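A.B. asks: Each chain, written out:
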Amino acid sequence: MLSERASFMKGMILGGVFCLVLSLLGSFSPITESKTEDHHHHHVKAASKDELQQLSESRLQELNNQLQISCVIMVQPKNLVYWAAALDTWTKHCDKAEFYSSESSKALEAIELNEKDDWVRLRKALKHAYENAGDIRWFFVAQPSTFAIIENLKYLVLTKNPEQPFYLGKTMKSGELEYVELNGGIVLSYEALKRLVNVFQDEDKCPERQSALWKLSEDKQLAVCLKFTGVFAENGEDAHGKGLFNSKSVDNLISESMDQNPNNVVKGCCSDMAITFSSMSPNQMQVMMFGVYRLRPYGHDFHDILTFYPPKDSDND
Amino acid sequence: MADELYNKVRILCWVMTGPNNLETKARHVKYTWSRHCNVVIFMSSVKDPDFPTVGLGTKEGRDQLYWKTIKAFHYAYEHHANEADWFLKADDDTYVIVDNMRWMLANHTPDEPIYFGRRFKPYTKQGYMSGGAGYVLSREALRRFVEGFKNKVCTHTTSVEDLAMGQCMEKVGVLAGDSRDTAQRETFHPFVPEQHLTAKFPKSFWYWSYCYYPISEGPNCCSDVSVSFHYVDAGGMYLLEYYAYHLRAFGYRYRYQPPTPKAYRLELSNSLDSAGELKEGTSGVKEHGDDDLPRPDQGQDAGPPPVVGKDAAAAPV
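Heads up: the protein sequence lines correspond to chains C and Y, in order. Here the first sequence stands for residues 1 to 317, numbered as in my numbering. Here the second sequence stands for residues 1 to 317, numbered as in my numbering.
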């Protein structure tokens, strides 16, 4: 009897130690060479008006210099109307706008990637954007049916340092993976993009070709690769905590708000400083251009701390 | 500035509606633009103390439109003549940006016999104003309207409300005003923004032969300080409210700078002493900062290359 109990106890202890060792090994992940902060919070908020008031002129000037945005727009000839709409509307406000196409198009100019796979195309586009960044330190990835208000993106990242890894947008959770939805637009700081381009070379952590069985959408793949480099998805929010990146159209969101907040439809809907709306038709985009960059009630002035001027040779803003 | 105009250019808005439209249309007007009027009255055939609506004692139907209009204006004159300077008629599917109407009206006085709207040309000498796009009468114009019916100079000529209105206005010597902005762009619109901005109306469409002033399709259709749109559905009301009063581009310096209304510039110059310095203790027009200083010859084009900070007002015109 005694020997059985002893064997049992030995077995339990061995098993316990074994489990402990396994779990310790499992939680061990390579810590990246990083002298910068660990971004384990899940949201990034725009600076409040008070915070902005406290900035000095020289600091403002500094910040303004690093505020340029490079837009990476993933297009396909089959979506030509959206492509043309994006070209004629919001992308005019990017400091640099580059269209990356799956195949050549006779109608519009783009950087032809000649690649059918969405993930491979995204990798190529991001690598190209990184290598041609010049002085630009912020990158915005979108599809042409997403409308982005670039000035509001600048407002969000105004006090953030691009030498730190930022990966922002509308975050979603898929199991344990938190990722930024491509639909709502993806923002990458220079540091995040740099780490990403480096990890592209690692076929184990960030394979170019996925097996057909295990295919993840390109925005989830992006999150997986970035995670290996210590970069985590963060939800972009205004000073009140309202999401700035939307994966639905503005009409859709208003409609939902009419159902959910019938007595407070507009305030219950979307942020005043919203950055993106998705699934916008070309006509809806023209209306948004008018609504954002032109239509306003006389006599309401905001006296923002920075001024952004309209682009040259544009007639709808 | 908006507050000053609210107090100096008082507008009574009456909204043409009916018992079947209260929950489907009038309600959304109530929750959006009508809140910006000094006085708002919902006019129906039947009194509804809960909404509330005034009962005009007519029947419902297209042929009743001018009867309702006559009675509504009489009601407004009898009960509220001293509470407002201008009297607006709108439909329950008209969206009105009241602040912009104040800007346009600020260059006139309520003693002028004048009315404004989207000017149409047929059937009358001086033209008449589109009913759906909304039209606004000065207090003097309203007085003459009421007087006209008393003296039988004006009668129920036709059930086509806007035309009948135009005929009466002409008979009593009320001028059909030009509501366009300083860049000759229309402010009152008979259709939704999407149609004015993107649609190509066929040349056979009545619109082409009706408009008093030359029609512009595309972005030039509509003033930045547009006053009204028509055929706006429930969702459209909230969307326009969001675009006009909420969603904006941070720091954006609009291309078109509507000039400060003359009367308000005059106030400022009266408060300057002989040396041109601001007299002590005068508030004038200057409220928040340099941006409100009058610049009569304000152009509409983009300023010089991007400049950071509060010096935007110093940018040459």
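Some hints could be false.
Calculated lysine-lysine pairs in the BS3-like style (CA-CA distance at most 30 Å, straight line) [unchecked claim]:
no. : chain 1 : residue 1 : chain 2 : residue 2
1   : C       : K242      : Y       : K25
2   : C       : K127      : C       : K267
3   : C       : K92       : Y       : K200
4   : Y       : K30       : C       : K242
5   : C       : K248      : Y       : K30
6   : C       : K92       : C       : K116
7   : C       : K78       : Y       : K30
8   : Y       : K25       : C       : K312
9   : C       : K220      : C       : K116
10  : C       : K267      : Y       : K30
11  : C       : K267      : Y       : K8
These aren't lab readings, by the way, just hints derived from the structure by calculation. Please read all numbers here as calculations on a predicted model, not as lab measurements.
A.B. asks: Failing hints, ascending?
C.D. replies: 2, 7 and 8
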